[in-house]
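Residue numbers (the working numbering), protein chains in the order written: chain A, 857 to 1118; chain B, 577 to 1080.
The hints are simulated quantities; they were obtained by calculation from the structure and are not laboratory data.
Just so you know, these numbers come straight off a predicted model, no measurement behind them.
C-beta atoms are modelled at their ideal positions from N, C-alpha and C, and glycine is treated no differently.
Take these hints with a grain of salt, some might be off.
As the list claims (entries may be wrong) - Derived lysine-lysine pairs resembling DSS-like cross-links, with alpha carbons at most 25 Å apart:
#, chain 1, residue 1, chain 2, residue 2
1, B, LYS985, B, LYS1019
2, B, LYS823, A, LYS908
3, A, LYS973, B, LYS994
4, B, LYS1006, B, LYS994
5, A, LYS908, B, LYS707
6, B, LYS994, B, LYS908
7, B, LYS985, A, LYS973
8, A, LYS927, A, LYS974
9, B, LYS822, A, LYS908
10, B, LYS587, A, LYS908
11, B, LYS725, A, LYS892
12, A, LYS1025, A, LYS875
13, A, LYS974, B, LYS985
14, A, LYS974, B, LYS994
15, B, LYS1006, B, LYS1068
16, A, LYS888, A, LYS1014
17, B, LYS659, A, LYS908
Stated by the list, open to error - Which chain B residues stay away from chain A? Per the calculated CB distances, all over 10 Å, these:
#, residue
18, LYS596
19, TYR622
20, GLU627
21, TYR706
22, GLU890
23, GLY895
24, TYR941
25, ARG1055
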Amino acid sequence: MLDNIVFFSEDVFIDSRDKAAIDALYNNDASKTILKFISDNGLEGIYEYIYKSSYARLTENTSPVIFECLKNSCEMFALDSIPEIYAEFSYENTASLGGMNKPFITLNTEYIRTVDKKTLLGIIASKIAEIKAGHAQVRFMMWVLEMVGQYIPALLSKILTAALDECEKNMVYTSDRAFYLATRNYGLTVQQMFGNKISKEMADRFCITDNKCGEYCFQYDDFFEYKNNHSELHMLQSILSSQPFIPVRIERLNAFIEEEAI
Amino acid sequence: MRSFVHPLETKSRNLPIFNKAIKTLSGIAADIAAENVYLSTANRRYFPVTEELFPRLYGIYRNALDALEFKTEFPMFISNEYKIEASTSGGSDSYVITISSGAVDRLNDEELAALIGRELGHIGCGHMQYKQLFKAVKNIAGIAGKIGKAAAAGMLSALISWNKASEFTADRAGAVAAGSVQAVIGLIAAQNGIKEKSTYIDFDPYKDIDSEELPENIGFLGGMVFLEMMEETSCQYGITRIDELKKWASSSECRADYPQIYYRYASLTYNETFFNATDSEQLYNMHCYADNGDPGAAYSLGMLYLSGKNGLPENIPVGLEYIKSAALGEGKKAFYAIYAIGIFYRDGFNGIAQNLNSAWHMISYSAETCGRSASDALKCFAYDGTKLSLNTFEKVCGKTDVTAEADEKFRRLLWIPKSEQIYRADSIGKYAAAICLSGIFRKEEAGLPLFIPWEYILENCLSAEYYNGADFLYAGKTRIYPMERGDTAVSKTAVKIMQSLIKK
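Isolated chain A, as found in the complex:
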């Protein structure tokens, strides 16, 4: 699939905001407490056990195309050991990270069926970059808080939730960069941002091309015009979504591409 795999250093593909948020999380004593809690209760082992006993692992033998994407992505983002990859039955267009110290990737089956090889490479590459950036640990902490938050002191839980929310908001920037670097296809990267929000068919109609957002440009411009005048939008974003709005992601990706070109 890739004749010459280009290697990217962490400085290139990890977004500075993402790195800062994760550094801040680990500088917080609350994260040490939750990590000890996870370890004391064997939560990672349980998580891994349920996946291994319930979901089908995709291997080089059964899924050569996926495995090739996985190997190439690991090489691209210098991840030493190839993580395991599982399939999960769902119609949602999502891929996710699981585990903590031994992270693995989960791809939804309907998603796998509907995307082409290039998109598949982009998705897997973005997950590998996320592992390299330490997102698996962050996501695992988020999952633990959601599951057994009631057994953790309330103050600790609130401090952690705030730090983890900040991480979650910034993680997508690294993911977007990695998708772009792996595919070198701007249109596809932007389309992917719509991933689990609208169907691919609808996303195709935005006519996003290699170098511009096509029909979506109008919405994109409207958003920034509004954003500059109304600070309520920031508040709304915090309430409605744990991720930045798509125009903000596009803006950040554009800045990265320009910076990279320079």
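Keeping the supplied structure of chain A fixed, place chain B upon it in accordance with the hints.
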């Protein structure tokens, strides 16, 4: 008395801590009351499965009831749900089974029987009273305050262990209802979303954890997390359940109690005992399954008749008939049969005239499934001392270098179906062509696209006079693609393939 209850379930139920957990939780009646509400409202929310409304499904249900020796028929409903799932509600001999519309849409008859059989297994083995308590187990958090976390953790662990074993038992019931463990495995694969073979994934469960063991030292919190997470899992313990089923299907207990399941599984897995069957009971079963269209049994019997082994007389016409019938079936053994027929065509065999084109098609089509690579399959064409083994189609074509954009463009232009993989494609002026596994798709000027299968090209071989310095590449009198510009990707590859395949 024959039984399909998994021994781990019997063991779990006999543990004192399990009984203590049941006693403790029995005080919580709220969820059981909720079950009764469900019962009374199901017929207002869902479609009932009756003979008039859903004859196919009702027939499958009736057969499952008979196979599991149920005297009572329980109401069954279809819920509008994308997932492939079924559930049972109720208690005290009054149950309702609900299956999802996703299951009805996506499963074949045997898999549906397995799905329904699993639910009947839960009912028949008395799981429902425990399952209801299991739903109430979240209240164990409150109980932990009274009896202590260590005791609550012990109870949780016992319940989790029993719950897992109850799923093993239900799978066996599913196999009994469907008459095959493959149906349950197919169901689990479908629940994992990988039933149909896709371009990117196939199902090959692996095992690197002990199917009967749970993670070590599940504490109170670990147990709660375990339950929460399992509840969100679409196919609980799916992979370990497959492993357990396979063990059971090849066990002496299964052979004694459910011979039809044992022999059917054996016929599909090349079980040595089965393939070396000499006793009349086994041979009788093989004939029954083969005559009912089971490709595994038909293939095995066909091979035995061809070779005159295991007490069967050598009877080539009968053997060939069984092999042919296996080839018309589905599944892996059907591919084995197709491969075998390919070999007969290659060499010519007792009434089957040598036909290299048919041999090439059948062998290359089935080779991969039979555990041979395409190049191995083409080694079969090393006839008359001409060695073509290394020059295989795949070796010549290599992996496709057609970009996604070009792929889309040529598919539209040349009307190439999605089932075809394009290996090479290009266009010159008003000509366009693409090389695929089944043949070459090409278009000239304003004409309609034309598909030229390899079979035709093989019969009308390219010869040197056509492709050395000529304007066009030909197969017989059919023009394939311009040669005048020298190394066009399509012409060059087509010539290479032909050079590899044609007997020199």
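Against the structure, the hints come out as follows:
1. Distance restraint check for B/LYS985 and B/LYS1019: the Cα-Cα separation of roughly 13 Å lies within the 25 Å cut-off, and the hinted pair is therefore satisfied.
2. For the given pair, B/LYS823 sits about 19 Å from A/LYS908 by alpha-carbon distance, which is consistent with the 25 Å threshold.
3. With a CA separation close to 15 Å, the supplied pair A/LYS973 and B/LYS994 stays within the 25 Å bound.
4. For the given pair, B/LYS1006 sits about 24 Å from B/LYS994 by alpha-carbon distance, which is consistent with the 25 Å threshold.
5. Restraint check for A/LYS908 and B/LYS707: the C-alpha separation of about 23 Å stays at or below 25 Å, so the hint holds.
6. Of the supplied pair hints, the one linking B/LYS994 and B/LYS908 holds, its CA atoms being roughly 23 Å apart against a limit of 25 Å.
7. Between B/LYS985 and A/LYS973 the CA atoms are separated by roughly 16 Å; this keeps the pair inside 25 Å, and the hint holds.
8. Straight-line distance between C-alpha atoms of A/LYS927 and A/LYS974 comes to about 14 Å, which keeps the hinted pair within the 25 Å bound.
9. This hinted pair checks out: B/LYS822 and A/LYS908 have alpha carbons roughly 18 Å apart, not beyond 25 Å.
10. For the suggested pair B/LYS587 and A/LYS908, the alpha carbons sit about 24 Å apart, so the restraint of at most 25 Å is met.
11. Restraint check: the Cα-Cα separation between B/LYS725 and A/LYS892 comes to about 19 Å, which is no more than 25 Å; the hinted pair holds.
12. Annotation: proposed proximity of A/LYS1025 to A/LYS875 holds, straight-line Cα distance about 12 Å (limit 25 Å).
13. Simply put, A/LYS974 and B/LYS985 have alpha-carbon atoms about 16 Å apart, close enough for the 25 Å limit, and the pair holds.
14. The suggested pairing of A/LYS974 with B/LYS994 holds, with an alpha-carbon distance near 17 Å, which does not exceed 25 Å.
15. Proposed proximity of B/LYS1006 and B/LYS1068 is supported: the alpha carbons are some 18 Å apart, at most 25 Å.
16. With a CA separation close to 15 Å, the supplied pair A/LYS888 and A/LYS1014 stays within the 25 Å bound.
17. With a C-alpha separation of about 21 Å, the suggested pair B/LYS659 and A/LYS908 falls inside the 25 Å cut-off, and the hint holds.
18. The beta carbon of B/LYS596 is kept farther than 10 Å from every beta carbon of chain A, the shortest such distance being approximately 23 Å.
19. Residue-level check passed: B/TYR622 sits 21 Å from the nearest beta carbon of chain A, beyond 10 Å.
20. Residue-level check passed: B/GLU627 sits 31 Å from the nearest beta carbon of chain A, beyond 10 Å.
21. For B/TYR706, the condition that its CB be more than 10 Å from all CB atoms of chain A holds, with the nearest at approximately 20 Å.
22. No beta-carbon of chain A comes within 10 Å of the beta-carbon of B/GLU890; the shortest separation is about 38 Å.
23. For B/GLY895, the shortest C-beta to C-beta distance to chain A comes to about 33 Å, beyond the 10 Å cut-off, and the non-interface label holds.
24. Distance check on B/TYR941: its Cβ is at least 19 Å (rounded) from any Cβ of chain A, clearing the 10 Å threshold; non-interface status holds.
25. For B/ARG1055, the non-interface assignment is confirmed: its Cβ lies about 33 Å from the closest Cβ of chain A, beyond the 10 Å cut-off.
No hint from the list above goes unmet by this structure.
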